[in-house]
Amino acid sequence: MDAIVYTARAKAAPALGEPIVVARELAFTVASTAGEVNILRGVSFDIAPGEAVGIVGPSGSGKSTLMMLLAGLERPTAGTVRVARHDLGALDEDALARFRRAHVGVVFQAFHLIPTMTAEENVAVPLEFAGRRDAFSRAREALAAVGLAHRLCHYPAQLSGGEQQRVALARAVVAEPALLLADEPTGNLDLANGAAVIDLIFDLRARLGTTLVLITHDPALAQRCGRIISLADGRIVSDRRVG
Amino acid sequence: MDGALLSAPSRVRTAEAEGALFAIAWRFARRELRSGTPGLRIVIACLALGVAAIAGVGSLASAVLEGVRSDGRRILGGDVEVSLGSRPAPPELRHWIAAREGQVAEVVEMRSMLVAETGARERLLVELKAVGPTWPLYGEARVGGESAVFAALAPRGGLPGLAAEPLVLARLGLAPGDQVRLGEALFRVVGAIEREPDRVASPAALGPRVLIALDALPASGLIRPGSLVRYDYRIRLPDGVDPEGFVRDLRAAFPDGGLRVRTYAEAAPGVVRFVEQTALFLTLTGLTALLVGGIGVATGVRTWLQARQHTIATLKCLGAPARLIFATYALQLGVIAALGIGLGLVFGAAVPVLAAVGLARVLPVPLAIGLYPEPLALAALFGVLAAATFALWPLARARDIPAVALFRDEVARSQPRPRWPVLLVNAGLALALAGLAVAVAQDRRFAAAFCAAAAGTLLLFRVAAAGLAALAARAPHHLSPALRLGLANLHRPGASMALILVALGVGLSTLASVAMIEGNLRTQVTETLPGRAPAFFFIDIQSEEADRFDRIAASVPGVDRIERVPSLRARIVAVNGVPAEEVRATEDTAWALRGDRGLTYAARPPDGARIVAGSWWPEDWRGEPVVSFDARLAAGWGIGVGDTLTVNVLGRDIDLRIANLRLIDWRSLGLNFTLIASPGLLEAAPYTHIATVYAAPEAEVGLLRAVTDAMPNVSAIRVRDALEAVNGLLGRIGAAVSATGSITLVAGALVIAGAVAAGRRRRIRDAVILKTLGATRGQVLSAYLVEFGAIGLFAGLIAALVASAASWAVATYVLRADWVFLPGTLGLTVAACTGLAILFGWMGTASALRAKPAVWLRNE
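Heads up: the protein sequence lines correspond to chains A and B, in order.
Mapping the first sequence onto the numbering used here, position 187 (from 1) lands on 187, and the numbers just tick up by one.
Mapping the second sequence onto the numbering used here, position 851 (from 1) lands on 851, and the numbers just tick up by one.
Don't take each hint at face value.
Stated by the list, open to error - Ranges of calculated distance between the beta carbons of each label pair, as one might list FRET restraints:
id, chain 1, residue 1, chain 2, residue 2, range
1, A, D218, B, T14, 51 to 61 Å
2, B, L424, A, D190, 30 to 40 Å
3, B, E374, A, A110, 55 to 65 Å
4, B, E18, A, H150, 50 to 60 Å
Since the hints were made in silico from the structure, they are not lab data.
Backbone N, C-alpha and C define an ideal beta-carbon position, used for all residues, glycine too.
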């Protein structure tokens, strides 16, 4: 991977010592034909600004649901979650959208790029909605930072899987969010591309000082985070610092 | 896979191998059809709608024409009708008919003023019909509740009876027993005309119908030398006598050119012509709906095949040749098309039944309800050709795309054009579709022009769509997010903008064109013409009363101008020796060879006359009879100065050499005559005068009373009433045409609905991602509204342009009038287009806004 040049920008952050994520007794239940399913059962934790937290656990343990709650894409059935001093439970749908574009970047396993937009357009979208006049110039910078300056006008279908995930990563960090959520970002990639993407994630995180929450099945990847929260059956079974 | 298919050399395909391939294709097709037709309902609906429109129009027209044919005797009032114009039948003709045991019903028709002898003595122009004791020969008439009409009209209390249409009784405030005046005679009102079986054969054109007994006519004093009266003799032949043979014998016995004879097979030629011309236009409008629906077929088939990419790719990977793929899906589409066409035929065949219920009071003749195979077969053939034309391209592309490319996304997949043989076949199918429309049309030139205009409009909108995409691609980046995203959606890969623009635009172009043409016609009738039209036409002014008429009319305050000319009725019986029925005339000029024409004579050309060929005769001309003729009729008949017209005047054939040609402006509503003869020949013939009087509107009532009180035999045609009647007719025609044209809009709506439904998943996914990235619902909605609003606005502007062009062409070349710009109609078109597009966009977007992101974003 070529050296990445990315201009760090000062970003307002929660007051020193105040957690960027505060979750208290988070619960999430869905109704099914077989009855209610408790996906999360009273999860509580704090995450400090700049931390890198790995969320691990078997399939069905509630990892992705937890990430959805932190991003404001789902509403908890019970409990509270505050991110960057925003009580997500008190925000309506539009307020959550504004919250996300200002404070949260999300990288999905399936990339979720808009197929009919070019790489440049995909990356510019969050800044456009924020009304930034420099959205496209910033997008070009972000793509250059992930090594895709030569792919600005390509559509997702014209990119490899690794390139698509790098575009998604550029999109997630272009607004310099306080919190970066990555849900199995290497799940659809081969080993080499996956490693490259992970290196990019951690590198960008270090440069921007972004808080990272990384969901992964890979224990080795989780070890790169400074802290690992293990989920099982909707509960935190361990929360430990590593390294 | 069948080894025969794989091993057979490509150039050596035995019939057996072809049969085996077809059998496999049919097997695969049946398996896929087992899962139903979820992706092809729009295809079925589009085909069904277009076919139903064409089948419905054809079936209804056939039902009307069959009704005319099968009920011809009743409609005509006899097996044969003999008319001598304004002459009664000579005794020898009556004897000839009687000798052949023909039963005769004599009918005399003319216009007259009916004056109520009660109250304010209101008066009304009526179409008077005097009938003999044997009338009607077929069918039943009823007046005042009695079917023995002649007896009901017999004198009581010294006054003969008179029946009138309910409109007359209402307008004049009459009730049974009241007295009215016709000419110089008083009549007793017996009641309303409830049934007049032969009404269609001799329709009441300028006024409502009034019925009296024939023997009461002389006392009215309305029949005078030169009066505009028509004598018809309806004949009922003995059983077994062939009417055609009777007519041949009659013409041979009486070769007099003034005799007009028709059998019951030609009972209502005007109705037949109207039905055929209307059916032509409505069929072409239905074809336009089918063309628009064809876009839906193409889109639906393409979407359906895209959903089967994996299946097709899998089959190809497993060794299926491209021909098998093509055959498999072509067979499925054939079944679907048959379903759609079948549905359309069922609905179309039911139209006569629905019309019999819904339009019974409007239709001039009763419908012959039944199944008419010919129009149904024609509609089915149109449906098959349209389905093949629009489905071939996507089928061929699915056939030709390499298997590996089918696994890529819609953006990356190469979209090759079909090979040139397919393009040729596609072009051939399109030409066959247009050719069929032209071949079966009564007026092939009109049909060809219509097809060209329809194709041109489709192409125009397609080009406009490309233009809009190019414009949108140049939108600057610094616009608001909603505006930029909305405009960007117009030119994204796979965008349905072109489809929506074409479907919406063609539909509204049709409706807007009808509205603009109707608006121009109405403006002519209600504004332009009345501005320069006279207040009245007065007819049947006897020569000895002419000067008195002038004095009476001039004495009424508010009268500006009086123009009066002698008037006779003449029938053109030959042109350069060729009998009138054999003259090759254009469709728009053939009318002058049918029926009587106005004839006058003059020493000087009329004021404002435009002579475009030849020259006027000297004032004292007494040489061979010459005539000034209508230049447009001459052009339509291929004749000119020096040619000869033979006209029959009061039973006498007169040859008139054309001395000059005039360009007549009929819109002036002045005293225009097709034929103006030189003086010296017609003065001795019995003629009346016709006059126009220009007066202020407030003077009309007084003028009417003054003239008709002093001269009861003179009839007055109030121009304002005539124009109002025309306006009303235009309104009804416009409504009928608009109703049919709206089918095109419905077809367009189906196409748009299909496009919106096809893109629904993509829109939801995109909306979810946008909301995840920070877009509020308002921003997402605004982007879609900008997208659809731009499409609608652009489509509306193009539709307004098309409607303006169409109405200009009709105004300039058909009406020969100044085109009128109607900003209200055009504005409504643009607004309707924009509103409809936004509505469709909203319907397709609402679910996208409600979608929960987590459901779409989960990995598990």
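Look at the Cβ atoms of E18 (chain B) and H150 (chain A) and judge whether their distance stays inside 50 to 60 Å.
-> holds (51 Å)
Taking 51 to 61 Å as the hint, is the beta-carbon distance of D218 (chain A) and T14 (chain B) inside that range?
-> holds (59 Å)
Taking the beta carbons of E374 (chain B) and A110 (chain A), is their distance inside 55 to 65 Å?
-> Taking Cβ atoms as reference, E374 (chain B) and A110 (chain A) lie about 58 Å apart, which means the hint holds.
Is 30 to 40 Å right for how far apart the beta carbons of L424 (chain B) and D190 (chain A) are?
-> Roughly 47 Å apart at Cβ, these two residues miss the hinted range, so it is violated.
Checked against the numbered hints given earlier, the structure breaks only hint 2 and satisfies all the rest.
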